[in-house]
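**Student:** So the sequence lines, in the order shown, correspond to chains H and D.
Read in order, the letters of the first sequence are residues 1 to 466 in this note's numbering.
Read in order, the letters of the second sequence are residues 1001 to 1466 in this note's numbering.
Quick caveat, the hints were computed from the structure, so don't treat them as lab data.
Among the hints, erroneous ones may be present.
With a straight-line Cα cutoff of 27 Å, these simulated DSS-like cross-link-like pairs (lysine-lysine) come out [what the hints assert, rightly or not]:
#1 Lys107(H) <-> Lys300(H)
#2 Lys389(H) <-> Lys1153(D)
#3 Lys1153(D) <-> Lys153(H)
Here chain D is said to cover these stretches of chain H; the calculated rule only asks that three of the stretch's residues, wherever they fall, bring their Cβ under 8 Å from a Cβ of chain D [as the list claims (entries may be wrong)]:
#4 62-76
#5 280-286
Here a beta-carbon is modelled for each residue, glycine too, at the ideal position from N, C-alpha and C.
2 protein chains.
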Amino acid sequence: MPPAASGNGSPSSNEKKDFQPISGRHGPHLNSRNPYQPVPDFLSNVNSFKIIESTLREGEQFANAFFDTAKKIEIAKALDDFGVDYIELTSPAASEQSRLDCEAICKLGLKAKILTHIRCHMDDARVAVQTGVDGVDVVIGTSSFLREHSHGKDMDYIHKTAIEVIEFVKSHNIEIRFSSEDSFRSELVDLLSIYRTVDQIGVNRVGIADTVGCASPRQVYDLVRTLRGVVSCDIETHFHNDTGCAVANAYCALEAGATHIDTSVLGIGERNGITPLGGLMARMIVADREYVTSKYKLHKLRDLENLVAEAVEVNIPFNNYITGFCAFTHKAGIHAKAILANPSTYEIINPADFGITRYVHFASRLTGWNAIKSRVEQLDLDMTDAQCKECTAKIKQLADVRPLNVDDVDGIIRQYHFNIKTGNNQPLLKGIDHPAPGIQEAAADTGEPAAKKLRTELDQDAAKCC
Amino acid sequence: MPPAASGNGSPSSNEKKDFQPISGRHGPHLNSRNPYQPVPDFLSNVNSFKIIESTLREGEQFANAFFDTAKKIEIAKALDDFGVDYIELTSPAASEQSRLDCEAICKLGLKAKILTHIRCHMDDARVAVQTGVDGVDVVIGTSSFLREHSHGKDMDYIHKTAIEVIEFVKSHNIEIRFSSEDSFRSELVDLLSIYRTVDQIGVNRVGIADTVGCASPRQVYDLVRTLRGVVSCDIETHFHNDTGCAVANAYCALEAGATHIDTSVLGIGERNGITPLGGLMARMIVADREYVTSKYKLHKLRDLENLVAEAVEVNIPFNNYITGFCAFTHKAGIHAKAILANPSTYEIINPADFGITRYVHFASRLTGWNAIKSRVEQLDLDMTDAQCKECTAKIKQLADVRPLNVDDVDGIIRQYHFNIKTGNNQPLLKGIDHPAPGIQEAAADTGEPAAKKLRTELDQDAAKCC
């Protein structure tokens, strides 16, 4: 029986009824026991968001990105297979090759809708509607910075051009989004005015873009909530990560009523990029595991990230969300102990949802025999404390030979238990017949003083905590 | 004159009076023109936060971290030099070496206060107060998860033990902080009750810890604001980054009245870590550049990160805040054009504050002659459009030889201008006498059709935008 089902009273009433504990050891929906879960809000789209995946547009603006046609098609297919709702492509007005690539991807017959991203300009719009895309994302800078130093146009011009471009695209019966650029440094009245205008003439979505990465979560919530009261169409949001808020801002935007989030694989884009697809998955699976797991093929995230990382010649960051090498590594003795008893103690995300294995760090002095005793009890095996300590010592020896995951440790414990009950002496870990020389020596030397020293060390280890 | 000083009316009244434009081209405090800047809040400590740097405690729990004494001392000195307020060390109860290392660092005579982090237990407290630390950080799990699966104690026990430990540490005249663990999955009434108790007996700080990384920004704001009304002591916060909110949550905590933020270099810690020092600097310099630049030696951030990255054998992530290789790289033609006109158009952080050089990506087909023309005007040089286009073509050739930064481009433009005015033909870029063979060939081939093709390409390039 999963331990999370016992103790601490009955599950709260808002617990997901159809939640299935994973691997028999993850508890019920974690947030159901979180008293700080916000009161359900009719504005929130945390449970029904859509992804506009922009690796092939924003991502192409990443310093290292030079995708040829074959690579673009490979990435588009992988994104579609993962389950993203939209795939956004570089403007066909950017270059002849960009136009041809856009047409080629439109012809693939993907489930995801294909968008292209253009300046708010009739020249670009005329090219875009001929490519076969399902929709056009139009953008124009509205902040004083961009109006002054980029395109040099005033708000009257922006209104007039926006109306012309939107009506033209709509006349081709495809989706149209109108976005401001650098929205968080634009004047509020300017913004609301242009959004109201384009909403009234029937745009499908309006977009808010934190082009420079300056927005903070509560600013985002406030602006999106205000906008939600002004327009009736969908609201798309685009967040750069210069100041570390791209995932959090996306979440707050959804809380305030945004419907669509822009992402790219590994977050690649201008400068240090935008909301990463994997980071958004990490955030959203905690908010609504059922929605996320039913919609996206999460176990393909790692392959998708490897594909893009290889294409743009970067390494997956060591601390990457979910797929980073240490994302599910537990080291301190007190953590390892609790994780073995119930992974929910120190994990808010179940790695199995992403096809990833948890790794409990048994190879350091931080390992404790409490962790092993706790696991022995969970496995319903009959071992004394002394036997648990001896088994822990053997696990520490084997951990010096190679890293151990939870399954390894379970196997060792079961074999050790089998051996002591049957008087047998079979290897504890398949493929490792005997510890390496140095370790064997240490093991052979485990007399009474050594055992006492080990016990002291193990007690000390549990003092490490987070 | 910096371009940001012109146009768009007068600076708002909350502009920092003593702001100094950097490199003569960064505009005034950017947020002064941001209409979504929250109304100043008497609760907010965004302008007066302190850093508790935990690379030598939380960071030691990172999978790859095995710091020996010399390395711990080197890191402690570097953190102190950077200007952090506190340095937190692993519990002296964890191992004999941990205790000795703690004593050694306390004897260094650093400006930063030295803390150690222990379980809420008298055994640990007795060891800690003998090490010479300036303060002790006490932690105990208060969530049902940890009470059930980790230490197994009830709230009565927690109250009783907390009082005993706190009064003992206070009797040694050093600082004492009491923190819950996994605060965001603890019962609100339990939390507020224990915090009120420890505040009343004179604890220096209470701590809130998002141990599993589940908290979202608005939850953080609500909890810290509620706590701010219950205790009169300082409030420290600790955020894990499993769901991408560790920087944003720290910011929202400060907005709600928290006083201290826990960080580690590169965010290293359990799993994928906590609020990174560099990421927090990026966030806070946007909120209050004057406070951050006056207090922390930002130009030492890169060395500090390199020191720790080397010690734990990881690479700096490609998309790392501020110091990642692409953090200040601008690629799309429309971005490059505006960045050259005024960096504030697409940069919220001035790289010069961190001793880092901006890099405008001239080496790709995204480069546009508009960018060069704009820069020529800024430099107050007299060149026709045709000359600007020819100069752009030469820059593109040189960019194939090696990457160019803004200073390089300025140098090329000035030399080109000098050559056309004097009829000279000196090399445009020092150290590169002539383009590489392939490039020379292309350059020699620039007849009229080629020039027309180039012009078309450059116009198309400007169509790429963000």
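**Student:** Could you run down the list of hints and mark each one as holding or not?
**Tutor:** Right, here's what the structure says about each hint:
| no. | hint | result |
| --- | --- | --- |
| 1 | Lys107(H) <-> Lys300(H) | holds, 24 Å |
| 2 | Lys389(H) <-> Lys1153(D) | holds, 23 Å |
| 3 | Lys1153(D) <-> Lys153(H) | violated, 66 Å |
| 4 | 62-76 | holds (count 4) |
| 5 | 280-286 | holds (count 4) |
Checked against the numbered hints above, the structure breaks only hint 3 and satisfies the rest.
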